[in-house]
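Participant: Spelled out, the chains give:
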Amino acid sequence: METQKPTILLIEDNPDHAELVLRSFRDHQLSVNIKHATDGEMALDYLLRQGQFSDAATSPRPLVILLDLRLPKVDGLDVLKVIKADNELRRIPVIVLTTSEAEIDLVRAYDSYANSYLVKPVDFDKFIKLMNQLGIYWLDWNHPI
Amino acid sequence: MRYSIRNRMIVLIVPLVCLILAGKSLLTLWMTTEAQAERSYAASSEQASRYANELDASNLANLRQACTLARMLECNTTHNRAEIMTGLENILRKRPDLIGVYVGFEPNAFDANDRLYRSAPGHDATGRFAPYWNRLGPSPSVEALTDMDSSDWYLIPKRTKRSAVIEPLNYHGFLMTSFVCPILKDGRFIGFSGVDVSLKHLDADVAKIKVFKTGYAFLVSNTGTLIAWPDKRLIGTQNLRGLAAKHHNQDLNLLAQAIQQGRNGFIKTRDPISGRDVVMFYAPLSTCKWGIVMVAPVQEIFANVYRLRNWLIIIGLSALILVTIAIALAANSLAKPIMQLSLAADYVAQGHLDQHVPDGRGEIGVLARAFNNMTDQLKLTITALEQHVNELKAARANQDKLIEELEIKNAELERFTYTVSHDLKSPLITIKGFLGYLEQDAIAGDAVQLKADIDRIASATDKMQQLLLELLELSRIGRLQNPYEEFELEALVQEAITLVAGRIKARGAEVIINGTLPRLYGDRPRIREVFENLIDNAVKYGGNVPHVEIGTRQQAGELVFYVQDNGSGIDPRYHARIFSLFEKLDPASEGTGMGLAIVKRIVEVHKGRIWVESDATGSTFCLTLPDNRQANLEEDNL
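Protein chains in written order, with numbering that gives the first Met the number 0: chain A, 0 to 144; chain B, 0 to 637.
Derived from the structure by calculation, the hints contain no laboratory data.
Any given hint might turn out to be false.
[To be verified] Simulated crosslink set (DSS-like; lysine-lysine; CA at most 30 Å straight-line):
no. : chain 1 : residue 1 : chain 2 : residue 2
1   : B       : Lys157    : A       : Lys34
2   : A       : Lys80     : B       : Lys424
3   : B       : Lys462    : B       : Lys539
[Claimed, not checked] To give an idea of the chain B side of the interface with chain A (calculated C-beta under 10 Å), a few residues:
no. : residue
4   : Leu412
5   : Thr416
6   : Tyr417
7   : Thr418
8   : His421
9   : Asp422
10  : Pro426
11  : Leu434
12  : Gly435
13  : Tyr436
14  : Arg455
15  : Arg572
16  : His574
17  : Arg576
Just so you know, even glycine gets a beta-carbon here, dropped at the ideal spot from N, CA and C.
Assemble the whole structure, with the sequences as input and the hints as a guide.
Facilitator: Written out as structure tokens, the structure is:
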């Protein structure tokens with residue numbers, strides 16, 4: 000059943016990167032329902048169930064959030080802050096997935112209570128491996144609320 | 000001000016002056032008093048002696064009268080009692096000042112015929128010749144002397160065989176005395192003669208004596224009986240010893256003793272009448288050893304001294320006041336410049352460096368000049384310091400500004416590196432990722448997927464190339480610039496429109512120039528880039544049928560260029576961000592997100608500003624391009 004599959008919210012503005020993530024999940028046959036938001040505003044609309052995402056049935060709470068930092072409209076860090084300031088949303092693990100290795104981004108992310116910080120590997124094999132392990136860890140091993 | 004110079008000087012000097020003045024005055028007074036006393040006492044004593052002699056003159060005359068009578072009787076050989084009686088009567092009638100005139104013979108000493116004259120006028124019962132012519136009755140009359148054996152006027156001449164002034168006695172209400180002289184025959188006492196005299200005239204004479212101002216004189220007999228005295232009732236009835244007892248004044252006893260012994264001198268005592276301190280000068284009358292006493296009030300003897308003392312006090316006090324005033328003035332003249340200096344110093348301390356104190360003479364003047372000099376030096380130093388501080392401040396401000404600029408540049412650079420690395424890394428991930436899938440596609444023989452992946456790789460590569468080109472372009476702005484020139488903006492805008500003609504046509508957009516555009520001076524190719532970019536954006540994000548307007552307007556004294564579209568507008572939240580590097584509001588849109596960053600950089604290089612005004616009816620990009628001709632020329636000259 001589609002609705003019983005866990006939902007992952009992927010917030011990523013780069014369509015190529017989003018495709019890479021989706022395809023790697025697909026290849027690993029993870030039983031997940033991936034929601035893709037292409038900017039910060041859309042991500043917040045989804046999470047706060049605003050606008051086109053007002054229906055709770057079609058916009059289920061994600062089990063995990065994958066968050067890119069540099070986003071159009073609303074910056075990734077601001078999205079993170081909104082999530083962690085919300086009494087309900089703050090319990091959802093937020094995994095920052097970005098190209099940035101800048102210390103300032105790490106500090107800001109962790110200061111805003113990011114649950115994990117992952118740098119997108121340039122190397123294809125490593126990228127695939129990371130996605131695989133990420134799926135296993137957060138969907139199998141990790142205990143959500 | 001309690002311990003001010005003035006007060007201290009007064010406290011120090013005034014008592015000293017007081018002491019000196021008081022000492023001098025006391026010495027003067029003491030010496031003057033001594034001198035005055037000596038002079039007064041000598042003068043008064045002499046005067047007392049002179050008065051004694053004057054008073055004695057009448058006594059002497061009376062005594063001589065008695066003696067003349069005695070000598071006459073001694074030489075009388077007729078022994079005619081009647082003749083003598085007549086003689087006596089004549090004397091009495093001739094001398095109205097006499098109360099009585101008399102002779103008295105020892106029994107039968109006159110002519111041995113006493114028995115013939117028993118109880119005759121001028122004779123006693125035994126016929127003894129002792130006629131006493133007197134004025135005790137209404138007219139001169141004669142009677143016989145009685146009680147001779149108990150009377151001094153008989154006993155004294157008989158005993159001493161010398162003339163004598165008999166102690167005065169009060170006789171029927173007035174004081175009188177007897178001047179008697181013995182009648183001697185062959186050295187044998189045979190009788191005596193005498194006159195009785197009222198002492199009223201002496202009292203009158205003594206009363207006339209003036210002693211100083213309010214003093215008085217009195218006359219006492221040898222035994223101290225008052226003969227002349229201011230209170231007439233006491234005359235003849237009171238004596239010195241009585242007064243001494245009455246007034247408890249032992250000095251009067253001493254006086255009585257001195258007079259009895261016929262001495263002269265003075266005695267300091269209390270006046271029995273007024274109770275004042277007086278000096279009594281006494282001198283004896285040589286005939287009778289009576290005493291004349293002059294009572295001189297001490298107050299008046301020393302009147303000169305007291306006047307001198309008063310003057311000395313007045314002069315002393317005046318001197319004291321003058322000295323005090325002089326000291327106060329001197330101290331003030333000393334303290335005033337000091338106070339001025341002190342006030343000026345306070346004023347200077349408050350920062351008023353123009354404060355000068357008036358010059359003066361002497362040490363104060365030196366101090367004042369030193370103070371003024373100090374103030375001037377202080378002013379110079381402070382001015383120099385202030386200048387220095389201002390220079391430092393300016394340098395510091397300049398430095399701060401440079402640091403701030405550097406920090407901004409640094410932050411910009413950091414952000415630049417950060418975004419560049421991110422934006423370069425992004426296509427790299429895409430390329431490597433899809434390269435990885437190419438292999439899988441090939442193995443799976445999925446030609447469609449293969450084509451799609453290759454397209455993605457190509458697109459990413461293009462994007463990377465464009466990114467690198469634009470980065471290069473951005474780095475050139477400001478660093479490499481075309482020579483500034485004057486040009487027609489209108490022509491330039493037309494060129495820009497032509498450059499984006501493809502997109503205009505594709506979107507069916509309408510682009511118009513509102514009004515005329517001015518001539519400009521600047522980097523022409525770059526400014527064309529600005530307008531090309533803005534027009535391209537406007538067409539890209541305009542409404543369904545984009546309408547773009549380019550024009551100018553005057554705003555707050557400067558010329559503002561604008562490019563307006565009729566798009567859906569931009570959320571005010573993004574107004575600042577859109578000019579940053581790699582900012583794209585629409586991730587789906589093409590481009591690197593560097594366009595507006597480049598535009599902004601060009602405008603800033605031309606020292607202009609760029610901003611966006613936006614609402615639901617569209618966005619307007621505004622920019623200023625100041626006329627840099629002057630500044631540029633200056634830079635060239637440098």
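Participant: With reference to the structure, classify each hint as holding or not holding.
Facilitator: Right, here's what the structure says about each hint:
no.: 1; hint: B/Lys157 <-> A/Lys34; in the structure: violated, 187 Å
no.: 2; hint: A/Lys80 <-> B/Lys424; in the structure: holds, 25 Å
no.: 3; hint: B/Lys462 <-> B/Lys539; in the structure: holds, 19 Å
no.: 4; hint: Leu412; in the structure: violated, 13 Å
no.: 5; hint: Thr416; in the structure: holds, 9 Å
no.: 6; hint: Tyr417; in the structure: holds, 5 Å
no.: 7; hint: Thr418; in the structure: holds, 8 Å
no.: 8; hint: His421; in the structure: holds, 5 Å
no.: 9; hint: Asp422; in the structure: holds, 9 Å
no.: 10; hint: Pro426; in the structure: holds, 8 Å
no.: 11; hint: Leu434; in the structure: holds, 6 Å
no.: 12; hint: Gly435; in the structure: holds, 3 Å
no.: 13; hint: Tyr436; in the structure: holds, 7 Å
no.: 14; hint: Arg455; in the structure: holds, 5 Å
no.: 15; hint: Arg572; in the structure: holds, 9 Å
no.: 16; hint: His574; in the structure: violated, 13 Å
no.: 17; hint: Arg576; in the structure: holds, 9 Å
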